[in-house]
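Asker: Chains as they are written, first to last, in our numbering: chain A, 27 to 166; chain B, 27 to 166; chain C, 27 to 166.
Among these hints, one or two may not hold up.
[Said to hold, decoys possible] Capping the alpha-carbon separation at 25 angstroms, the derived lysine-lysine pairs in PhoX-like fashion look like this:
1) A:Lys157 with A:Lys31
2) A:Lys31 with C:Lys157
3) B:Lys157 with B:Lys31
4) C:Lys31 with B:Lys31
5) C:Lys157 with C:Lys41
6) B:Lys157 with B:Lys41
7) A:Lys41 with A:Lys157
8) B:Lys157 with A:Lys31
9) C:Lys157 with C:Lys31
It is worth saying that the hints were derived from the structure and are not from the lab. Bear in mind the structure is a predicted one, so any value in this text is a computation, not a measurement.
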Amino acid sequence: MNWYKETLMISTRGKGLYAFTNDVQARVHGWGVQEGMCYLYLPHTSASLVISENYDPTARVDLEAFMERLAPEDQSWYQHTLEGADDSPSHMRAMLTLTSISIPVEDGRLCLGTWQGIYLFEHRASGHRRKVLLRCLQVE
Amino acid sequence: MNWYKETLMISTRGKGLYAFTNDVQARVHGWGVQEGMCYLYLPHTSASLVISENYDPTARVDLEAFMERLAPEDQSWYQHTLEGADDSPSHMRAMLTLTSISIPVEDGRLCLGTWQGIYLFEHRASGHRRKVLLRCLQVE
Amino acid sequence: MNWYKETLMISTRGKGLYAFTNDVQARVHGWGVQEGMCYLYLPHTSASLVISENYDPTARVDLEAFMERLAPEDQSWYQHTLEGADDSPSHMRAMLTLTSISIPVEDGRLCLGTWQGIYLFEHRASGHRRKVLLRCLQVE
Numbered sequence: 027m028n029w030y031k032e033t034l035m036i037s038t039r040g041k042g043l044y045a046f047t048n049d050v051q052a053r054v055h056g057w058g059v060q061e062g063m064c065y066l067y068l069p070h071t072s073a074s075l076v077i078s079e080n081y082d083p084t085a086r087v088d089l090e091a092f093m094e095r096l097a098p099e100d101q102s103w104y105q106h107t108l109e110g111a112d113d114s115p116s117h118m119r120a121m122l123t124l125t126s127i128s129i130p131v132e133d134g135r136l137c138l139g140t141w142q143g144i145y146l147f148e149h150r151a152s153g154h155r156r157k158v159l160l161r162c163l164q165v166e
Numbered sequence: 027m028n029w030y031k032e033t034l035m036i037s038t039r040g041k042g043l044y045a046f047t048n049d050v051q052a053r054v055h056g057w058g059v060q061e062g063m064c065y066l067y068l069p070h071t072s073a074s075l076v077i078s079e080n081y082d083p084t085a086r087v088d089l090e091a092f093m094e095r096l097a098p099e100d101q102s103w104y105q106h107t108l109e110g111a112d113d114s115p116s117h118m119r120a121m122l123t124l125t126s127i128s129i130p131v132e133d134g135r136l137c138l139g140t141w142q143g144i145y146l147f148e149h150r151a152s153g154h155r156r157k158v159l160l161r162c163l164q165v166e
Numbered sequence: 027m028n029w030y031k032e033t034l035m036i037s038t039r040g041k042g043l044y045a046f047t048n049d050v051q052a053r054v055h056g057w058g059v060q061e062g063m064c065y066l067y068l069p070h071t072s073a074s075l076v077i078s079e080n081y082d083p084t085a086r087v088d089l090e091a092f093m094e095r096l097a098p099e100d101q102s103w104y105q106h107t108l109e110g111a112d113d114s115p116s117h118m119r120a121m122l123t124l125t126s127i128s129i130p131v132e133d134g135r136l137c138l139g140t141w142q143g144i145y146l147f148e149h150r151a152s153g154h155r156r157k158v159l160l161r162c163l164q165v166e
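Given the sequences, and given the hints that come with them, work out the whole structure.
Answerer: Here it is as structure tokens:
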């Protein structure tokens, strides 16, 4: 068994879903891993990971609008407001989605479904440089 | 260390929670894994994975009704409507639940809590054949 | 490769987020793991795992209040009410958050972000003794 790792950097331009499927696949390919497990970990509290529809852009638009409604800004009962109106909702949205994902690798490829893409969900209004920690356990 | 894998097929009859705990446990037993880690991955964007109450069926009924209310169909602001009224909400519901789960194995059994069951949550109105990718890392 | 494990016990005093980051880090340190993967699994259906802001306590207050509103008690349509008004909402809240988390270990430390803490989210009104299953795969 072998162990590979890398930190991916993703620049966001504010709120929204940013696909980085190809970045992950390219590393797995570069390492020559045929079979194993790929781990993604996001070391941030106001962004999160999501696996979702990669084909029709309107699916993404709806997911983003849904989150704005589910955990809206500017609620009178928010106490955590020092860093701006988007701060507390960003932790809520991160809590409802994912911090870590484990994806099998087979025949040198991530076992994603046909319509699945890997996304970083930026929850802050301004752009950020986000890290995604990538680890891969090669079993053959 | 050894590596085992299989793809489980789960047929759904439309929206709802479908238990498949025993299918996973049977594979772990069949492989003879005593100690290790079991990984589940769902390669779909309109279904998801959930670990929840396995005893009282009314718990399941409430979870299903809750999702209908949390991400309802037929909202006027939905843009992703080509594939039907249940399509965009199905991606929302999948985003709020799980795509991958990692469960420890000890003494030849999944380390589930007494009341925990493993479920596939089908979010589309019509029945589907769903895959769950099962991987198991045996450490002894 | 080596495999380490332990069960952490966390006593809660009713609803809320309970940090246990240091308990996990102390085990990883004690095992002497420099590089690898740390797995957390929660064998309960009315509590869950969350990684979130560890600095400003008001962030936690808002996350707790948010959950009270997102999956409120005492809805007339709840069927699963035998064990109390907090029972069905506790399964809903668990479903929306995490059951398992995988965190990389590097240079002997969990790869958490600067502001990330690991929390058990207790969803029942009364205090409970909760287990968190900790597993660590050491790759060097």
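Asker: Each of the hints needs a verdict: does it hold here or not?
Answerer: We went through each hint and held it up to the structure:
1. Of the supplied pair hints, the one linking lysine 157 of chain A and lysine 31 of chain A holds, its CA atoms being roughly 13 angstroms apart against a limit of 25 angstroms.
2. Between the alpha carbons of lysine 31 of chain A and lysine 157 of chain C the distance comes to roughly 30 angstroms, so the proposed pair goes past 25 angstroms and is violated.
3. About 13 angstroms separates the Cα atoms of lysine 157 of chain B and lysine 31 of chain B, which keeps this hinted pair within 25 angstroms; it holds.
4. A C-alpha spacing of about 23 angstroms is found between lysine 31 of chain C and lysine 31 of chain B, which places the hinted pair at or below 25 angstroms, so the restraint holds.
5. As the CA atoms of lysine 157 of chain C and lysine 41 of chain C are separated by approximately 16 angstroms, the hinted pair is consistent with the 25 angstroms bound.
6. Proposed proximity of lysine 157 of chain B and lysine 41 of chain B is supported: the alpha carbons are some 16 angstroms apart, at most 25 angstroms.
7. Simply put, lysine 41 of chain A and lysine 157 of chain A have alpha-carbon atoms about 16 angstroms apart, close enough for the 25 angstroms limit, and the pair holds.
8. Taken as a hint, the lysine 157 of chain B and lysine 31 of chain A pair is broken in the structure, with Cα atoms around 28 angstroms apart against an allowance of 25 angstroms.
9. At most 25 angstroms may separate the alpha-carbon atoms for a hinted pair to count; lysine 157 of chain C and lysine 31 of chain C meet this at roughly 13 angstroms.
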